[in-house]
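**Student:** From first to last, the protein sequence lines are chains A and B. Position 76, counted from 1, in the first sequence is what the working numbering calls 76; the numbers after and before it change by one each time, with no gaps. Position 253, counted from 1, in the second sequence is what the working numbering calls 253; the numbers after and before it change by one each time, with no gaps.
For the record, the hints were derived by calculation from the structure and aren't laboratory data. Take the hints with a grain of salt, since some may be wrong.
As a list, the in silico BS3-like pairs of lysine-lysine whose alpha-carbon atoms are at most 30 Å apart [stated by the list, open to error]:
| no. | chain 1 | residue 1 | chain 2 | residue 2 |
| --- | --- | --- | --- | --- |
| 1 | B | 175 | B | 254 |
| 2 | B | 134 | B | 45 |
| 3 | B | 134 | A | 26 |
| 4 | B | 26 | A | 132 |
| 5 | A | 44 | B | 44 |
| 6 | B | 220 | B | 183 |
| 7 | A | 134 | A | 183 |
| 8 | B | 82 | B | 44 |
| 9 | B | 82 | A | 26 |
| 10 | A | 82 | B | 26 |
| 11 | A | 45 | B | 45 |
| 12 | B | 45 | A | 44 |
| 13 | B | 82 | A | 82 |
| 14 | A | 132 | A | 45 |
| 15 | B | 45 | A | 26 |
| 16 | A | 134 | B | 26 |
| 17 | A | 82 | A | 44 |
| 18 | B | 132 | A | 26 |
| 19 | B | 45 | B | 132 |
| 20 | A | 45 | A | 175 |
| 21 | A | 26 | A | 82 |
| 22 | B | 26 | B | 134 |
| 23 | A | 44 | B | 26 |
| 24 | B | 44 | B | 183 |
| 25 | A | 220 | A | 183 |
| 26 | A | 44 | A | 175 |
| 27 | B | 221 | B | 134 |
| 28 | A | 45 | B | 26 |
| 29 | B | 44 | A | 26 |
| 30 | B | 44 | A | 45 |
Chain residues, written in single-letter form:
2 protein chains.
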Amino acid sequence: MGLQTLTEPTVLDATLRHLSRTALPKVLQVQQGIVRATHAFMFKKGLTQLMPLMLSPITDPLNHGVVDATIGYADQRWSLTKSMIFHKQLALLNPALDSLYIVSPNVRLEFADRAATGRHLFEFTQIDFEFKNKDRFFVMEFMEELVNFVFRCLNEEIPEVLLELRGELLPQYEKWAVHRTEKLEETYGPDYERIVSEQATEPFWLLNHRREFYDKEDPKKPGTYLNYDVIWPEGFGEGLSGAERENEYQQIRKRMAEVGTSEETFAHYLEVARTQGLPRTAGGGFGVERMTRFICRLQDVDEVTVFSRKPFTTAAF
Amino acid sequence: MGLQTLTEPTVLDATLRHLSRTALPKVLQVQQGIVRATHAFMFKKGLTQLMPLMLSPITDPLNHGVVDATIGYADQRWSLTKSMIFHKQLALLNPALDSLYIVSPNVRLEFADRAATGRHLFEFTQIDFEFKNKDRFFVMEFMEELVNFVFRCLNEEIPEVLLELRGELLPQYEKWAVHRTEKLEETYGPDYERIVSEQATEPFWLLNHRREFYDKEDPKKPGTYLNYDVIWPEGFGEGLSGAERENEYQQIRKRMAEVGTSEETFAHYLEVARTQGLPRTAGGGFGVERMTRFICRLQDVDEVTVFSRKPFTTAAF
Chain A
1 MGLQTLTEPT VLDATLRHLS RTALPKVLQV QQGIVRATHA FMFKKGLTQL MPLMLSPITD
61 PLNHGVVDAT IGYADQRWSL TKSMIFHKQL ALLNPALDSL YIVSPNVRLE FADRAATGRH
121 LFEFTQIDFE FKNKDRFFVM EFMEELVNFV FRCLNEEIPE VLLELRGELL PQYEKWAVHR
181 TEKLEETYGP DYERIVSEQA TEPFWLLNHR REFYDKEDPK KPGTYLNYDV IWPEGFGEGL
241 SGAERENEYQ QIRKRMAEVG TSEETFAHYL EVARTQGLPR TAGGGFGVER MTRFICRLQD
301 VDEVTVFSRK PFTTAAF
Chain B
1 MGLQTLTEPT VLDATLRHLS RTALPKVLQV QQGIVRATHA FMFKKGLTQL MPLMLSPITD
61 PLNHGVVDAT IGYADQRWSL TKSMIFHKQL ALLNPALDSL YIVSPNVRLE FADRAATGRH
121 LFEFTQIDFE FKNKDRFFVM EFMEELVNFV FRCLNEEIPE VLLELRGELL PQYEKWAVHR
181 TEKLEETYGP DYERIVSEQA TEPFWLLNHR REFYDKEDPK KPGTYLNYDV IWPEGFGEGL
241 SGAERENEYQ QIRKRMAEVG TSEETFAHYL EVARTQGLPR TAGGGFGVER MTRFICRLQD
301 VDEVTVFSRK PFTTAAF
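Kindly generate the complete structure, drawing on both the sequences and the hints.
**Tutor:** Encoded structure:
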């Protein structure tokens, strides 16, 4: 028997193999089509585009812990932004802005337990949008229309790529089903989201998640929340998360206390809410790589990346 | 005489005033038009879009010093990316990718001396593009065509906004003038770029800058470089920088030594160049805010931002 030469591939080998995959350019064409169609849809609907910000004194506290990502510059601490939530809400203080969107990298340094979910990257692109003086019903309809628009564009522009990667063209959906977390949990137990996503053949809405302070609590039904997620079918899981937003000073403080968000970190934000008031807004954000994954029916969202960004993977570039 | 109550505005006041400016939504419409038209142009020309990466073990060393922006994650150091230069070059190792572009935030933590230039932000958006097996003549023509395409789209889509902000519609240019740094310096002294930009009424090319190692040295004329910048006219200064790229191992090492780039930091990159070779590429990148500034004839590039990112300005958000 010869000498065993089975060795772990080096980081560099793995990186070069990952970026040289034959399927990659086609997956990227789908992703590019999503982005381009989304820009066209947003323009058609009159939303103003903002450029992303990667650094800010405040950022999304998220609903789960991640590794701290802050740097020092100009005598301040800056967080790498985890979403554009506060910037889109604050930008709508401009009297002439009624709706906006941002195509933005989000940096979320996930712990190792999310490395193998198939749904997490430690940086990815989110398309975040927000409307002034609109409610959840408006945003949900907007998103349903956006998905149909994007799918129609892709069917027209790159049908052969879709046939190769997906096995069929993309559907046009009627109204999506609406579920509530508490009802599904009653029926399916704690793993309800995965189970119902696997059974579903169309995207559906999932309402009422207990999470970050900025999602509005139903004033008529304390303890329930006016938020809504899109769950992709066929087991692909969460694809968008959105909500009507808390905008009243005392209510924000109450919710911060409940979920354990530091008032000190958000001192400026609270001051705006207290003195001039935050606008009443609703919006959402969807992950570009996750939509690409769903459309291409990929095992792992990391198949969409050119340079792997799977949580806790060592990288050469 | 009453008590003097002239006080410095607080950071929060300044932030809210900045984002509430009346002109802002119109400036953003111009910027959005640039981005949307660029996506359309890139698609028409067959370039594949890549999503930006904000973190990488290596990033653009730049031609001038900035404050370090690195974080620790997963037992590695990660730099906030200052451009997509290495990622776009490496991605072209994929045999089925011939050209690509990336709309990407760039984080460059400038020192205080760049606060008042009117041309610097410490984070901004760059549109980076790169072609395999193309030369500078191809890229320069591509960029000239892109600018005419973007300007034509803006004239068609938002003529009234242009008239209000710019005073007139955008021009269509013929071939741009081409200058060489060494000739202009001879004539105008060290401040040649500003002087010639102020005199110019159309964009022009500026060739041969001595700078980062990755810009190709002319093999026939050592000490001159196959790079090219776009200089906006009317004093608006640099708008794009690009080059044919160094791709040969020994030549890269020679250039790194000359400009003082650490081989250790770039060990993986050098290994790719040594073992399988880097593709021969050429490309460039233009600043979205700077193009917006030029079109809207703004005093300061920071007038394009919703949240000020002027170097060394304290920020609330």
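**Student:** Please go over all the hints and tell whether each is borne out by the structure.
**Tutor:** Verification of the hints:
1. B:175 / B:254: 35 Å, violated
2. B:134 / B:45: Holds, at about 14 Å.
3. B:134 / A:26: Roughly 22 Å between the alpha carbons, so the hint for residue 134 of chain B and residue 26 of chain A holds.
4. B:26 / A:132: 18 Å, holds
5. A:44 / B:44: The given pair, whose Cα atoms are some 20 Å apart, holds under the 30 Å limit.
6. B:220 / B:183: 19 Å, holds
7. A:134 / A:183: Holds. Residue 134 of chain A to residue 183 of chain A sits at ~26 Å (cutoff 30 Å).
8. B:82 / B:44: 28 Å, holds
9. B:82 / A:26: With a Cα-Cα distance of about 27 Å, the restraint between residue 82 of chain B and residue 26 of chain A holds, given a limit of 30 Å.
10. A:82 / B:26: Holds: residue 82 of chain A and residue 26 of chain B sit about 27 Å apart, inside 30 Å.
11. A:45 / B:45: Status holds; Cα separation ~26 Å.
12. B:45 / A:44: 23 Å, holds
13. B:82 / A:82: Distance of about 19 Å is within 30 Å: holds.
14. A:132 / A:45: 14 Å, holds
15. B:45 / A:26: The hint holds at about 16 Å.
16. A:134 / B:26: 22 Å, holds
17. A:82 / A:44: Since the Cα atoms of residue 82 of chain A and residue 44 of chain A sit roughly 28 Å apart, the hinted pair holds (cutoff 30 Å).
18. B:132 / A:26: Within the cut-off at roughly 18 Å; holds.
19. B:45 / B:132: This hinted pair holds, its Cα atoms lying about 14 Å apart.
20. A:45 / A:175: 19 Å, holds
21. A:26 / A:82: The hint holds at about 28 Å.
22. B:26 / B:134: The hint is violated at about 37 Å.
23. A:44 / B:26: 16 Å, holds
24. B:44 / B:183: 37 Å, violated
25. A:220 / A:183: Given that 30 Å is the threshold and the Cα spacing comes to 19 Å, the pair holds.
26. A:44 / A:175: At roughly 21 Å apart (the allowed maximum being 30 Å), residue 175 of chain A and residue 44 of chain A satisfy the hint.
27. B:221 / B:134: 20 Å, holds
28. A:45 / B:26: Judged against 30 Å, a Cα distance of about 16 Å means the pair holds.
29. B:44 / A:26: Given pair residue 44 of chain B, residue 26 of chain A holds - Cα atoms ~16 Å apart, limit 30 Å.
30. B:44 / A:45: 23 Å, holds
In the structure shown, a violation is registered for the earlier hints numbered 1, 22, 24, in ascending order.
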